[in-house]
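*Asks:* So the protein lines, in turn, are chains A and B.
Numbering-wise (the numbering used here), the first sequence opens with residue 1 and increments by one.
Numbering-wise (the numbering used here), the second sequence opens with residue 1 and increments by one.
Read the hints as simulated data drawn from the structure, not as lab findings.
Among the hints, erroneous ones may be present.
To spell it out: a stretch of chain B is covered by chain A in this simulated footprint if at least three of its residues, at any positions, have a beta carbon under 8 Å from a beta carbon of chain A; those stretches are [stated by the list, open to error]:
1. 481 to 492
2. 512 to 521
With beta-carbon atoms standing in for the labels, derived distance ranges [stated by the list, open to error]:
3. B/Val214 x A/Pro40: 32 to 40 Å
4. A/Val144 x B/Ala483: 40 to 48 Å
5. A/Leu68 x B/Glu434: 25 to 33 Å
6. A/Ile32 x B/Asn495: 24 to 32 Å
Computed from a predicted structure; not experimentally measured.
Even for Gly, the Cβ is constructed at its ideal location relative to N, Cα and C.
What follows is the residue order along each chain.
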Amino acid sequence: MSDNRANPTQEVCSVQVGDTLFGVPIAHVLEILGKPATQPVPLAPYYVGGLVHYRGEVLTAVSLRRLLNMEPAKAPEDVLVFETPDGLFGLFVDSVGEVLHVSAADHEPNPATLEARRQVLFDGAWKLKDRLLVSLEPARLEPVRLAGAFSA
Amino acid sequence: MERCLTELETRPGDSELLAEIFRAVHTIKGTTGFLGFSRLEALSHAGENLLGLLREGQLAPNPEIISGLLSLMDILRGILRSIEITGAEGESRQDRAMIDRLEQLQRGDASIAVAEPELATVDAPARPSKPRKQCAPRKRSHTQSAPLQAESGEAGPPPREVEQALRNAEPQPGPFPASPSIPARPMTAPLPRAPEIQAAATSGAADSTLRVDVELLNRMMNLVGELVLTRNQILQATSADAGFALLGRRLDMVTADLRESVMKARMQPVSHVFSRFPRLVRDLALTLDKRVRLEMEGQETELDKSLLEAIRDPLTHSIRNAIDHGIEPPGVRVANGKPPEGLIRLRACHEGSHVIVEVHDDGAGMSIERIRQKAVERQLVPPQRAELMNAREILQLIFLPGFSTAEAITSVSGRGVGMDVVRTNVEKIGGKVEVDSQTGKGTILRLRIPLTLAIIPALIVRSRGQNFAVPQASLTELVHLSAGETDSRIEWLENAPLYRLRGHLLPLVFLDRLLQQSPRERNAPCDIAILNADGRRLGLVVDGLADPEEIVVKPLAAVLRTIGFYAGATILGNGEMALILNPGAIAQNAGVGLTSETAEASRDNTRDGHHEFLLVETGARRAALPLESVVRIERIPRSRIELAGARPVLRFEGTLLPLDDAASELLAGGDDPEAQTTVVVCRDGARHVGMTVSQVLDVAGGTQLEQAGNGEIADGITLLHDRVTGIASLSAIPSLQCIADAPAIEFASPPKEKR
Numbered sequence: 001m002s003d004n005r006a007n008p009t010q011e012v013c014s015v016q017v018g019d020t021l022f023g024v025p026i027a028h029v030l031e032i033l034g035k036p037a038t039q040p041v042p043l044a045p046y047y048v049g050g051l052v053h054y055r056g057e058v059l060t061a062v063s064l065r066r067l068l069n070m071e072p073a074k075a076p077e078d079v080l081v082f083e084t085p086d087g088l089f090g091l092f093v094d095s096v097g098e099v100l101h102v103s104a105a106d107h108e109p110n111p112a113t114l115e116a117r118r119q120v121l122f123d124g125a126w127k128l129k130d131r132l133l134v135s136l137e138p139a140r141l142e143p144v145r146l147a148g149a150f151s152a
Numbered sequence: 001m002e003r004c005l006t007e008l009e010t011r012p013g014d015s016e017l018l019a020e021i022f023r024a025v026h027t028i029k030g031t032t033g034f035l036g037f038s039r040l041e042a043l044s045h046a047g048e049n050l051l052g053l054l055r056e057g058q059l060a061p062n063p064e065i066i067s068g069l070l071s072l073m074d075i076l077r078g079i080l081r082s083i084e085i086t087g088a089e090g091e092s093r094q095d096r097a098m099i100d101r102l103e104q105l106q107r108g109d110a111s112i113a114v115a116e117p118e119l120a121t122v123d124a125p126a127r128p129s130k131p132r133k134q135c136a137p138r139k140r141s142h143t144q145s146a147p148l149q150a151e152s153g154e155a156g157p158p159p160r161e162v163e164q165a166l167r168n169a170e171p172q173p174g175p176f177p178a179s180p181s182i183p184a185r186p187m188t189a190p191l192p193r194a195p196e197i198q199a200a201a202t203s204g205a206a207d208s209t210l211r212v213d214v215e216l217l218n219r220m221m222n223l224v225g226e227l228v229l230t231r232n233q234i235l236q237a238t239s240a241d242a243g244f245a246l247l248g249r250r251l252d253m254v255t256a257d258l259r260e261s262v263m264k265a266r267m268q269p270v271s272h273v274f275s276r277f278p279r280l281v282r283d284l285a286l287t288l289d290k291r292v293r294l295e296m297e298g299q300e301t302e303l304d305k306s307l308l309e310a311i312r313d314p315l316t317h318s319i320r321n322a323i324d325h326g327i328e329p330p331g332v333r334v335a336n337g338k339p340p341e342g343l344i345r346l347r348a349c350h351e352g353s354h355v356i357v358e359v360h361d362d363g364a365g366m367s368i369e370r371i372r373q374k375a376v377e378r379q380l381v382p383p384q385r386a387e388l389m390n391a392r393e394i395l396q397l398i399f400l401p402g403f404s405t406a407e408a409i410t411s412v413s414g415r416g417v418g419m420d421v422v423r424t425n426v427e428k429i430g431g432k433v434e435v436d437s438q439t440g441k442g443t444i445l446r447l448r449i450p451l452t453l454a455i456i457p458a459l460i461v462r463s464r465g466q467n468f469a470v471p472q473a474s475l476t477e478l479v480h481l482s483a484g485e486t487d488s489r490i491e492w493l494e495n496a497p498l499y500r501l502r503g504h505l506l507p508l509v510f511l512d513r514l515l516q517q518s519p520r521e522r523n524a525p526c527d528i529a530i531l532n533a534d535g536r537r538l539g540l541v542v543d544g545l546a547d548p549e550e551i552v553v554k555p556l557a558a559v560l561r562t563i564g565f566y567a568g569a570t571i572l573g574n575g576e577m578a579l580i581l582n583p584g585a586i587a588q589n590a591g592v593g594l595t596s597e598t599a600e601a602s603r604d605n606t607r608d609g610h611h612e613f614l615l616v617e618t619g620a621r622r623a624a625l626p627l628e629s630v631v632r633i634e635r636i637p638r639s640r641i642e643l644a645g646a647r648p649v650l651r652f653e654g655t656l657l658p659l660d661d662a663a664s665e666l667l668a669g670g671d672d673p674e675a676q677t678t679v680v681v682c683r684d685g686a687r688h689v690g691m692t693v694s695q696v697l698d699v700a701g702g703t704q705l706e707q708a709g710n711g712e713i714a715d716g717i718t719l720l721h722d723r724v725t726g727i728a729s730l731s732a733i734p735s736l737q738c739i740a741d742a743p744a745i746e747f748a749s750p751p752k753e754k755r
């Protein structure tokens, strides 16, 4: 936990989507909305999961499942709220797990064999004791960014 | 006070107004003298002297006097600001000049008053040209340097009362109109800028208002949103418990109310911005030697505070432009057959998903050729391209940075920053600027301000289980089709769905198809929302209607804005979200044209040979009742109907109503006193009459029929749903008097319908 320069640790919020465990640096997470009511947006780009209500504002939320071309979720999803210079946005995930402490030493970049789309979205992975924690960086998931990257 | 002064110019004889201004200046003088602000005192004293003469009728107000008084006010306000900041009056060389000018005005016109006593005692020589010549030192005296009379600044508490006097030069309710009333209005913020002063004054309720930081309102708004969510969760969690459900409903109501109040708190009428313009127009017109009248419309239109702030500068620029470039000098105007006084019309209104603010001048309009030429001259467009541009495109050039057609740079315009700034500022808040100009006739500049955060009334419609909001402003009527009707009433021309609305074909758009939602069942009931989007008419087919609601428009993320069909999103009273539809975009997408449809709309509006009828069935016949004469339709138990002579009458709201029962509906139920009859209550001239019917069928538009041969309009019949239908003649129903007098036998079968 101490900010040891040689081996800095970081707090990440673990989220589950399908069989994969993802980690988002906790500093970027503004709030976690537990199974909020959502409003689908017809004709929206495929990666938009819908709108969620957050503190009087209507947030556009990106669906990680859709981004990764996965089956739609069967149960209501949780939403992480991120703040970026361009405003707020949400991210639909299956469920939010515990906060984990990971160390930079355990981080490795994306493997070259990873599918191109995931290369863009993922930011490497942390090696946990028994499994991998895929690193997600909110800036890469911003709707505006995605519009540029995956408009086709 | 500014407003009073400009008003005084238009109504020079208004002694009430004069008294008001006098009172304000007097208050300033009194208070400042007491507090020891000598500069303020000297100035207001000079002003008071002049006003005194005006008030006693020894002087008539003219533009010079008003200009003098207005600049006096500017100086007073400047000193007040200086006191606010430094606690001292500050120093200025303007004072002497100002006082001299005011005295000169007094003397200058007083001499006229002596020379022409008749003219002076008669209330108002509207715009005297004589005094104008005699008043030598006019215009902007504070730019002249004059002997300095330095006043030592005196430290002291800022004279709030003086500010208040300036601010509240409005009729103050109270028994002592001349007393310097000090409203108990908490003042915690720094001195507001001029328009705000006026805004506070025009509200006329200074005592009951409070200044609140907008940030605080924003925060409240968000918290209320949060509360709504929590409320919903509580309602869900407690739905099983009856006691809790009651509490939950109460919470529900309070939350909805609170939400509404907070939203409203952010709204301000555009008059807050408009109110500064009379002065602006007046001053500019004088500087430019033009005569301009300002008309303002729709001042009550409400806009969110932040948007209101954002359009302040663009509007000021636009009005400056209209006066400087648009309105011609009086001489030119007269030569062109226009009244010497130019007209600037400022109009605000809601239109669809926007608030429109228009600046309309009846000036010279813009010369396309001149714009083209100037744009090339200033190297804003290459000459070859400019040649190819059409008039519309050329007009858009005026929004380019650096564009100006003014020959010389004046204090008013010509620096080439006008329209460019207007567009940038309006676009910053997501709005649009449109310009339309006709050479010789004038120019209309239209600012389209999005409704972001503005509250709009909307109808919530449902399509495939989802909520959508349709702005009421573009909604004209609703048609419901029940389960069996949908297939038969919606007609298809190839693959274009159409609905016959009062005989005219209306293009339909299925919302579920438009948005590629899951298709609905065939022949399911549906509603058609008939929209008029900027002159385009279409029917939007939805699954059902929910409640009308006042909604707050929330902006959508850029990726969703590009879809185009949504003007935003909103959170409904029940906490659910809804997408706000953009009727204009939907109409455009469906290819609904402007021209043909507007023609149809106008045909509907003029109702040429076209009337609305209530179609009823009496016995086996169909009859039409003019819709405008129908008061109400009621189911009435037989027991309330009595016979007067042989004639049925109905006790209706304490009066007696003659009934027409031509088809013997009253006998249909036999002797059962509980049997009910449908009665249509109609207005026939000044009286009301009733008509028994077996069934109310529809409301439909009828077309007048011409008689074959002579082409005269046939009386008493109309074409409804392609069937010739008789119009019930209400005047044929005998009055109560007749009923009492006449023997029963004559009423066997009164001629009710002409066929």
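*Asks:* Count the residues of the region 512 to 521 of chain B whose CB lies closer than 8 Å to any CB of chain A, then report whether that count reaches three.
*Replies:* holds (count 3)
*Asks:* Regarding B/Val214 and A/Pro40, is the given constraint of 32 to 40 Å on their beta-carbon distance met?
*Replies:* 33 Å, holds
*Asks:* With a Cβ-Cβ cutoff of 8 Å, does the region 481 to 492 of chain B contain at least three residues near chain A?
*Replies:* With 0 residues closer than 8 Å to chain A, the region 481 to 492 of chain B misses the three-residue bar; violated.
*Asks:* Could you see if the CB distance from A/Leu68 to B/Glu434 stays within 25 to 33 Å?
*Replies:* 44 Å, violated
*Asks:* At the C-beta level, are A/Ile32 and B/Asn495 separated by a distance inside 24 to 32 Å?
*Replies:* 47 Å, violated
*Asks:* Taking the Cβ atom of A/Val144 and the Cβ atom of B/Ala483, is their distance within the range 40 to 48 Å?
*Replies:* 45 Å, holds
Hint check: violations occur at hints 1, 5, 6; the rest are consistent with the structure.
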